[in-house]
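**Student:** Use the sequences and the hints to build the structure in full.
One letter stands for each residue in the lines below.
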Amino acid sequence: MSVPATAQKRGPMWNRLRLRERIRDRDTAIFGILFITAVVWPMATIYATDSTFLIAQAGHAGTYVLLAIGLNVVVGFAGLLDLGYAAFFAIGAYTYALFASNQLASSPLHHEFHMPFWLMLFVGMVVAAVCGAILGFPTLRLRGDYLAIVTLGFGEIVPQLFYNFDQWTGGINAIGNIDQPSLPYWITGPWAEAGITTIKLVPNFSFAYDPVAFYVLIVILVILAVILVRNLHSSRLGRAWMAIREDEVAAAAMGINTVTTKLLAFAIGASFSGFAGAYYGASFGIVSPDSFLFTVSITVLVMIVLGGMGNITGVIVGALAIYFVLNNLLPALPAQVESLADSVGLGSLNVQNGDWPGLAGETQRIAFLLYGLILVVMMLLRPQGLVPSRVREQELKHDAVLEEETAVEQAHA
Amino acid sequence: MRTARLGGLGVADLGFYILCAIAVVLLAIQAISSPADFLQILVFGLADGAIYALIALGYTMVYGIIELINFAHGDVFTLGAYVATTLIGFFAVSEDAFTTLNLVVLLLVFPAVMLIMGGINVTIERIAYRPLRNAPRLAPLITAIGMSFVLEGFMFLWHGPATVHVPNLLPHGPGFEGYLGFDCAVNSNNCVFIGFKDVFVLVAAAILVTLLALFINRSKLGKAMRATAQDRDASQLMGININRTIAATFFIGALLAGAGGMIWGLYFNTVSYNLGFRTGLIAFTSAVFGGIGNIPGAALGGMVIGLVAAFSDGYIGSKWTQVVIFGILIGVLVFRPTGLLGMRVPEK
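Heads up: the sequence lines are chains U and P, in that order.
Residue numbers for the first sequence follow the numbering used here, so the first one is 1 and each next one is one higher.
Residue numbers for the second sequence follow the numbering used here, so the first one is 1 and each next one is one higher.
Be a bit skeptical, because a hint or two may be false.
Simulated DEER-style distance windows between Cβ atoms [unchecked claim]:
| no. | chain 1 | residue 1 | chain 2 | residue 2 | range |
| --- | --- | --- | --- | --- | --- |
| 1 | P | R278 | U | S234 | 36 to 44 Å |
| 2 | P | Q230 | U | S107 | 48 to 56 Å |
| 3 | U | L380 | P | N241 | 39 to 47 Å |
| 4 | U | V351 | P | G89 | 26 to 34 Å |
| 5 | U | M43 | P | R278 | 41 to 49 Å |
| 6 | P | K319 | U | I286 | 20 to 28 Å |
| 7 | P | R218 | U | R239 | 49 to 57 Å |
| 8 | P | I32 | U | I172 | 34 to 42 Å |
| 9 | U | L228 | P | F215 | 27 to 35 Å |
| 10 | U | S107 | P | F215 | 55 to 63 Å |
| 11 | U | V391 | P | L108 | 25 to 33 Å |
| 12 | U | F165 | P | H159 | 30 to 38 Å |
| 13 | U | G171 | P | L19 | 22 to 30 Å |
Covered stretches of chain U, going by a simulated chain P footprint (3 or more residues, C-beta under 8 Å) [as the list claims (entries may be wrong)]:
| no. | segment |
| --- | --- |
| 14 | 154–160 |
| 15 | 366–375 |
| 16 | 379–391 |
Keep in mind the hints are simulated off the structure, nothing from the lab.
The beta carbon of each residue, even a glycine, is placed where N, CA and C say it ideally should be.
**Tutor:** The following block contains the structure:
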């Protein structure tokens with residue numbers, strides 16, 4: 001790779017970073033932008049809105065980013081369609097909630113546990129991974145979509161079990177008052193709250209639903225997950241996953257143990273979900289079976305397909321985009337439409353009148369339809385996803401070129 | 001499966017048969033201890049299962065031909081019930097009594113609903129699935145989910161979040177009442193009630209499934225469908241118009257779903273916009289249960305799942321039904337991955 005002459009003059013440090021080349025690489029550039037946005041987000045939003053609401057929301061979006069990164073390992077890398085991913089999310093969240101609240105005191109066990117969050121983060125991860133392996137072990141011999149259906153069934157069963165074993169899990173009443181993580185030291189500064197100007201060291205810090213603290217935590221978790229998954233992607237295991245995705249028979253013929261490899265994809269994917277589950281339980285302080293229904297699995301799947309399967313950058317972009325559409329764009333729409341109608345002199349439409357629920361009400365009703373339309377149109381316009389993986393893009397292009405060539409040949413024949 | 005198949009019976013198959021046998025024994029014990037309850041649940045399960053079978057056929061046909069889990073299919077079913085309600089609303093039918101007008105309306109509305117739903121489903125295929133036929137495999141799955149949201153959103157917009165009442169056109173009853181000479185007025189514990197509706201659902205479903213089987217097995221288009229499902233490229237080489245065949249599959253699937261929606265409406269007299277989500281999942285489970293891509297399998301699977309759901313509701317408790325259904329699904333796929341009637345086809 002030739003380094004531009006101007007860059008060579010600036011000394012060895014500059015050469016080693018090779019910023020110019022990196023910026024030209026689309027994925028790295030997007031990573032950079034996302035990273036910088038993530039760093040300045042708390043300060044910028046506090047400065048702009050004087051509240052921590054947007055930070056809390058970004059923290060919640062981060063959960064979905066984690067989920068999407070994990071599901072991407074299963075679906076994007078190994079090509080195993082998983083329609084019950086929320087089950088592992090639920091398992092992670094309940095593992096933390098049960099062992100870090102007073103829930104088990106009212107269960108037949110009559111003893112409450114208060115395990116530290118930092119330990120449970122990894123316990124949740126391991127439990128989810130083990131559940132993934134247990135589910136995967138008998139079913140991964142199945143091919144293609146049968147696996148999807150088994151995971152779908154699993155995803156339906158798990159929340160229902162959390163409902164039904166209400167002696168242990170509180171069932172429909174959910175588990176509340178979940179312990180907050182704590183750290184011996186924490187730093188606050190202008191990014192933490194409006195009006196603070198000095199940087200301070202806080203001893204014996206408890207997260208106590210502090211959106212900024214949770215935001216910092218999720219950003220660190222996401223960065224760790226990205227580094228982990230990137231390394232996995234280029235490891236021997238990652239290449240084995242992709243070989244299986246492209247052609248299982250050929251992969252097996254090349255000496256890849258397909259069952260173990262697929263099992264690892266399943267378990268590793270599930271472990272990210274368990275991770276995200278523990279974080280979710282802590283940040284909301286309440287865990288109910290309703291939060292882990294089939295819709296969640298579908299949403300995460302939509303995020304990764306729409307973002308660009310198999311490409312970590314794409315998956316993160318997709319997760320943020322869908323989260324934005326679902327939690328900001330659509331809920332804000334009714335008010336927007338109402339004020340628009342007022343400003344163009346159609347204010348009479350805003351009033352509720354008989355069957356007409358008012359313009360805002362009608363827009364609220366239409367929101368779900370719009371979400372569906374957005375999905376369909378996005379997929380039709382970019383079937384490969386917003387930011388598809390480079391390799392995949394090349395393959396698709398190659399296919400298209402081949403098809404064109406055959407078409408030309410046919411035309412000449 | 002790579003299970004050894006010596007003497008035609010593998011280990012996995014054995015496990016499957018043992019599970020089946022256990023279920024049958026447990027049910028037989030219930031049947032002997034309380035025959036009236038058993039019969040009543042059986043009737044309800046059969047009626048429910050017949051509707052699941054109608055929906056499952058659409059899933060299995062579409063999956064068989066383009067390997068797509070058509071998530072929008074359950075919502076096409078629900079939309080069928082909505083359209084039926086609207087169409088019936090145009091007539092001055094008398095509810096809770098069976099008049100000639102009711103019969104005429106039924107005979108008019110039934111085909112109308114089926115054709116409308118067929119048209120809608122073909123449109124959906126044309127817009128959302130056909131352009132993506134050569135795209136990455138998951139792209140049409142996402143548009144199917146999107147279309148499901150669009151249909152649900154449309155029904156939500158149409159009638160709001162509340163449940164919608166479907167006019168009660170059918171005579172309520174009694175097709176058969178009482179049990180082995182017991183008088184219901186004396187002891188209602190021994191009473192089995194089989195209404196006209198139960199019979200109607202079963203007969204209507206049986207007619208539709210028979211027509212479908214005849215169509216698939218005897219007609220030229222049916223043959224084209226089977227060929228396309230087996231090998232799309234080869235059938236194209238044989239001069240089959242692939243696009244038209246796939247559109248026809250969606251059309252027929254939606255005919256059945258529309259009929260199923262109307263039958264559901266007439267049977268339960270109430271629908272809500274998100275009914276298709278859960279019903280669709282269960283119907284899809286039935287299709288897998290019977291062996292996905294297999295048409296008699298889907299019909300059988302629907303009936304079995306309907307029965308399982310009813311027995312689970314009756315004997316285990318309705319909060320466990322979902323666990324039972326999906327547990328059985330996982331069990332079947334583990335022990336017998338091709339479903340009840342699925343054939344062992346080599347991987348492409």
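**Student:** Hint by hint, note whether the structure agrees.
**Tutor:** Against the structure, the hints:
| no. | hint | result |
| --- | --- | --- |
| 1 | P/R278 x U/S234: 36 to 44 Å | holds (42 Å) |
| 2 | P/Q230 x U/S107: 48 to 56 Å | holds (54 Å) |
| 3 | U/L380 x P/N241: 39 to 47 Å | violated (23 Å) |
| 4 | U/V351 x P/G89: 26 to 34 Å | holds (28 Å) |
| 5 | U/M43 x P/R278: 41 to 49 Å | holds (46 Å) |
| 6 | P/K319 x U/I286: 20 to 28 Å | holds (22 Å) |
| 7 | P/R218 x U/R239: 49 to 57 Å | holds (51 Å) |
| 8 | P/I32 x U/I172: 34 to 42 Å | holds (36 Å) |
| 9 | U/L228 x P/F215: 27 to 35 Å | violated (54 Å) |
| 10 | U/S107 x P/F215: 55 to 63 Å | holds (56 Å) |
| 11 | U/V391 x P/L108: 25 to 33 Å | violated (57 Å) |
| 12 | U/F165 x P/H159: 30 to 38 Å | holds (36 Å) |
| 13 | U/G171 x P/L19: 22 to 30 Å | holds (29 Å) |
| 14 | 154–160 | holds (count 4) |
| 15 | 366–375 | holds (count 10) |
| 16 | 379–391 | holds (count 4) |
Hints 3, 9 and 11, counting from the list given before, are not met by this structure.
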